[in-house]
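Student: Sequence:
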Amino acid sequence: MKLKEILAGKLSEKELTLLPSSFDIVGDIAIFSAMPEELKNRERLIGEEMLKHFKNIRVVAKKVKQYSGVYRTPKLEIIAGEKRKETTYRENGCIFKLDVEEVYFSPRLSEERKRIAGLVREGEAVLIMFSGCAPYPVVIAKNSKAKIVYGIEKNPIAHKYALENVKLNKLSNVVLIRGDARMETFKLAKNGTLFDRILMPLPKDSGNFLDACFAASKKGTIVHFYSFMREEEIPKPAVNVIEEEAKRRGFSVKILGWNKCGHYSPGKFRVCIDFKVTRTAARDKINKERKKPARTRRVRNGR
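The sequence shown begins at 0 in numbering that gives the first Met the number 0 and counts up by one.
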């Protein structure tokens with residue numbers, strides 16, 4: 000049953016037209032990305048009706064501040080149901096525990112996580128930069144024959160949940176590191192830990208971390224680079240950033256394709272560029288490069 004059908008007769012026709020068309024469900028928490036100011040006095044009614052009709056929902060919340068800050072987390076306000084923001088969520092045969100306000104998490108990326116896991120070949124060493132509460136590491140480790148999966152996350156709360164989620168899913172081939180993704184990736188590379196596959200699921204700033212990504216790559220490494228782009232520009236802005244940084248670092252790459260994996264805002268999408276490292280720089284040059292400060296490498300779009 001659709002939300003407008005549930006609220007027909009309880010909201011005016013005008014109010015029904017203002018009602019958000021969709022909401023996310025993480026575990027048993029429903030989250031509206033925004034609620035019109037005109038419906039502020041009707042929020043409790045909306046939330047309570049949802050609790051009555053959707054038996055899998057125990058909490059209804061709205062975002063009062065979009066993803067922001069160092070850890071890209073939202074600010075939420077509960078409008079109905081239990082007064083909590085921690086939940087248990089299931090996807091792709093995995094179980095996750097998380098606080099939806101303290102951890103960046105998108106259930107809309109479930110299919111993308113499944114896609115990536117399906118690409119991983121037996122025996123691969125996989126690195127996820129910006130691994131959060133470990134959705135990518137856990138889904139990949141659980142649904143592929145990867146030899147080992149590394150995850151790096153700066154947010155201490157997300158890292159705590161990640162450790163718990165690895166235990167919940169009874170995984171023994173996942174290594175989680177708390178720290179700055181760029182510096183920790185360089186450390187791994189310096190110690191000789193290179194990867195067959197690297198994920199960069201930080202669409203706003205992934206370009207700033209390509210130097211570390213290349214340092215931890217070898218010939219044949221597959222990279223999944225995420226970025227936000229306007230539909231008419233896909234995939235040119237991200238491809239330009241990747242190819243320019245590769246050339247600067249003495250690497251060569253081959254673009255394998257791209258996948259549109261969700262809306263970000265009207266006319267703008269989250270896009271994953273899949274590319275292969277076809278030539279690497281000498282290790283001594285890479286070690287010298289790691290001492291240089293990071294360059295700002297944002298994907299330019301038509302804003």
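Keep in mind that the hints were calculated from the coordinates and are not lab data. Don't take each hint at face value.
Straight-line distance between alpha carbons at most 30 Å, and here's what the computed DSSO-like set of lysine-lysine pairs gives [as the list claims (entries may be wrong)]:
1) K74 / K189
2) K9 / K64
3) K144 / K74
4) K74 / K1
5) K186 / K169
6) K144 / K54
7) K146 / K166
8) K64 / K51
Estimated spans, in silico, between C-beta atoms of each pair [to be verified]:
9) K253 / K51: 51 to 57 Å
10) I94 / V174: 17 to 23 Å
11) E76 / S264: 41 to 47 Å
12) E110 / E37: 31 to 37 Å
13) G261 / N239: 36 to 42 Å
14) T16 / V69: 34 to 40 Å
15) K253 / T16: 27 to 33 Å
16) I156 / T192: 23 to 29 Å
17) I24 / Y263: 36 to 42 Å
18) S251 / E81: 49 to 55 Å
19) E36 / E242: 43 to 49 Å
20) K166 / N239: 37 to 43 Å
21) G8 / S32: 21 to 27 Å
Heads up, the beta-carbon is just placed ideally off N, CA and C, and yes, glycines get one too.
Student: What hint numbers does the structure not satisfy?
Tutor: Structure breaks hints 1, 3, 6, 11, 13, 15, 17.
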